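Trainee: I would like the entire structure built from these sequences, with the hints used as guidance.
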Amino acid sequence: MLRPLEPIGQGARIVLGISFFILFVLGWGFATFGGYVSRTFLADPLTMLADGWALLADHGFLFDIGVTIWRVLGGFVLAAIVAVPIGILMGAYKPIEAFFEPFVSFARYLPASAFIPLLILWAGIGEVQKLLVIFIGSVFQIILMVAVSVGSTRRDLVEAAYTLGARDTGIVRRVMIPANAPEIAEILRLVLGWAWTYVIVAELIGSSSGIGHMIIDSQALLATGQIIFGIIVIGLIGLVSDFLFKAANRWLFPWRLA
Amino acid sequence: MTKLVIDNVSRIFPGVRGGAPVTALTPTNLSVAANDFITILGPSGCGKSTLLRIVAGLDRPSAGEVRLDGRRITGPGADRGMVFQSYTLFPWLTVAQNIAFGLREKGRQEAETRDIVASYIDKVGLRGFENHWPKQLSGGMQQRTAIARALANDPEILLLDEPFGALDNQTRSLMQELLLGIWERERKTVLFVTHDIEEAIFLASRVIVMSARPGRIKADLAVDLPHPRDYKMKTSPEFSALKARLTEEIRVEAVLAATEH
Ligand SMILES: Nc1ncnc2c1ncn2[C@@H]1O[C@H](COP(=O)(O)OP(=O)(O)OP(=O)(O)O)[C@@H](O)[C@H]1O
Ligand SMILES: [Mg+2]
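First to last, the sequence lines map onto chains A and B. Under UniProt numbering, the first residue of the first sequence carries the number 1, and numbering increases by one thereafter. Under UniProt numbering, the first residue of the second sequence carries the number 1, and numbering increases by one thereafter.
Derived by calculation from the structure, the hints in this document are not laboratory data. Computed from a predicted structure; not experimentally measured. Certain hints may be false.
Chain B is faced by these chain A residues, among others (derived, beta-carbon under 10 Å) [what the hints assert, rightly or not]:
1) R154
2) A160
3) L164
4) R167
5) R174
6) A181
7) A185
8) F253
9) P254
By construction, the Cβ of each residue, glycine as well, lies at the ideal position given by its N, Cα and C atoms.
Mentor: Laid out in C-alpha cells, this is it:
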C-alpha cells in the first residue's frame, strides 16, 4: 500500500487533506461537548463560530484583520526589499559575504520579540514599531538564506556563461539570479509564515487594534471562543497566502515543473 | 596559419588536506592550425579536461601560457566556446533562449539574434523543440543544444570535453556525423576531448594522444581520411590501421594508469 515516493492522485490528496481537518474538529467537539474539558478554558466549536460571527458583525473584527495583514505585509515587504539584494550580493561576492556574514549570523538569533520593549521606547506604540518588529524578525533570516542559496549556484552553469562571453555583472544578473529565483521565492514564503508569529506578539503588547489585540482583550473576558476564532483566522490567512505564493511560483517558474 | 599555441603549459594542483600536490599536466606544447579538428585521446585522469579548461580560461596554468591569434589568454571569453561533458544548459531558459544567450550578452539586435538562433536550431535538427525546457529534452538533444549555443556565438575556437560521453552508441554515432557535417561546412577550429578511439579518428584531422598522469603529449597523428566522411568509413582499411595503432598507444597508457593506483 504505502510505497516510498509513490505519487498519489489529485483527488485522493484533497480528500486525505480535508479528512484530517474533520478528524481534528471531531476530536475537539468530542472533548468539549462530552464535558471532558471545562467550558471556561476551551470553547466548543459551535460557540467558537457564534463568537466569531459576533466579532465580525458587531465588533469590527474585519478591520482588525485588515490592520494585521497590512502590518505583516508592510514589515515583510520592507525586509524583503532590503534583504534580497544584500543576500544576492553576499552569495555572489565573497568579500561582501565575509563583511556581513558574521554579524547577520549573530543578529539572526536575536529574538524579535525581545526588541519590543526597546522599540516601544524608540518608536512608541504606533505602526512604525509594529513594522519594525516584523522587519527585524525577517530581514536577517532572508539575508542569510538567500546568500546561501545564491552562493551554491551550480558552478558549471556559471562557467558555461563565462565561456559564452558573460562578464561579472552578467553572471549575477543572467545566471545567479534566475537560477535561484524559485529558491528565493520559497525562502520568502517560509519567512512570511514566521512574520505572522512576530506580528501577533507585537500586537499583544501595547496595541489598540489587530488580531493580537483582540486575542489579549478576549483573554481578560475569558472569551476562549473568540481567542480560538482569532487563531483560526490567522491559520486560514496563512493557508491562503501559502496557496497564493505557490500558485505564483508555478506561474513564474514553469521550467521547474517541466 | 597557427590559431592556438599551447606554450609549455603545466598545471599542479595543491595537495588536498595535506596530501602531496597533484601534477595534472607536465609542460605541454601544442600548436593548432586554423580550421584544424584536433581530437585529444587519453586515459582517465591524464589531464585532458584540465588542458581544455586552461584553454577556455576557466583554470590558470601553473606555468606557461596559451595564445589565441597571438594574444595571451588570461580568462574566459566569447572567442572560445565550450561544450561540457555534463549537461550545462540553463534550466530556466528554453532551447531557443539558451542558444541566444551569448548573442544577447553581446547585445546583438533582436531580429539578427532570432535569425541566427533559427539557423542553428535547423543545423542541429531541433526544429519544433525551440520552446522546450532543457528538462524536457533527451541527453542527446541537450548536447546538440549546447553545441548550437556555443556555435551561435561564432567563437574562434570550439572546445568540446567528451560531449557525447553519456550517450548510447547509436546516438553518439549520429551526433558525430552531425558535428562533422557542421565542421565540414563551417571549418571552425576545434579541440575535442574523448576517450573513444573510433570517435577520435572519425572526427579528427589530427589526433593527439596523452600519456597517463602526469599528462603530457605522447603521440600526434595526422588523419588524412577524405571529407565528407560518413559512418561507413569506420570499416575502411585505413581507418582500421589508424585504430590499431592508437589502440596500442592507449593500451600502454591505460596499463600504466591502472598499475599506478
Ligand atoms: N580542482 C582540482 N583539484 C585537485 N586536483 C584536481 C582538480 N581537477 C583535476 N585534478 C586532478 O588532475 C588530474 C587530471 O584531471 P582531469 O579532470 O584533467 O582528467 P581527465 O583527463 O579529464 O580525466 P577524465 O577522462 O576522467 O575526464 C586528476 O588526477 C585529478 O585528480
Ligand atoms: Mg575530463
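Trainee: If a hint holds in the structure, say so; if it does not, say that too.
Mentor: Okay, the hints, checked on the actual structure:
Given the 10 Å rule on beta carbons, the hint for A/R154 holds: about 8 Å separates it from the nearest Cβ of chain B. The beta carbon of A/A160 comes within 4 Å of a beta carbon in chain B, closer than 10 Å, and the hint placing it at the interface holds. With a least beta-carbon distance of about 4 Å to chain B, the hint placing A/L164 at the interface is held under the 10 Å criterion. The criterion of a C-beta within 10 Å of any C-beta in chain B is met by A/R167, whose closest approach is roughly 8 Å, and the hint holds.
At a threshold of 10 Å, the smallest CB-CB gap from A/R174 to chain B is about 7 Å, leaving the interface hint in force. Hint on A/A181 holds. Least Cβ distance to chain B is approximately 7 Å, under the 10 Å limit. Interface restraint check for A/A185: the shortest CB-CB distance to chain B comes to about 13 Å, outside 10 Å, so the restraint is violated. Annotation: A/F253 was flagged as interfacial toward chain B, and the flag holds, the nearest CB pair being 7 Å apart, inside 10 Å.
At a threshold of 10 Å, the smallest CB-CB gap from A/P254 to chain B is about 8 Å, leaving the interface hint in force.
The structure fails to meet hint 7 from the earlier list, while all remaining hints are met.
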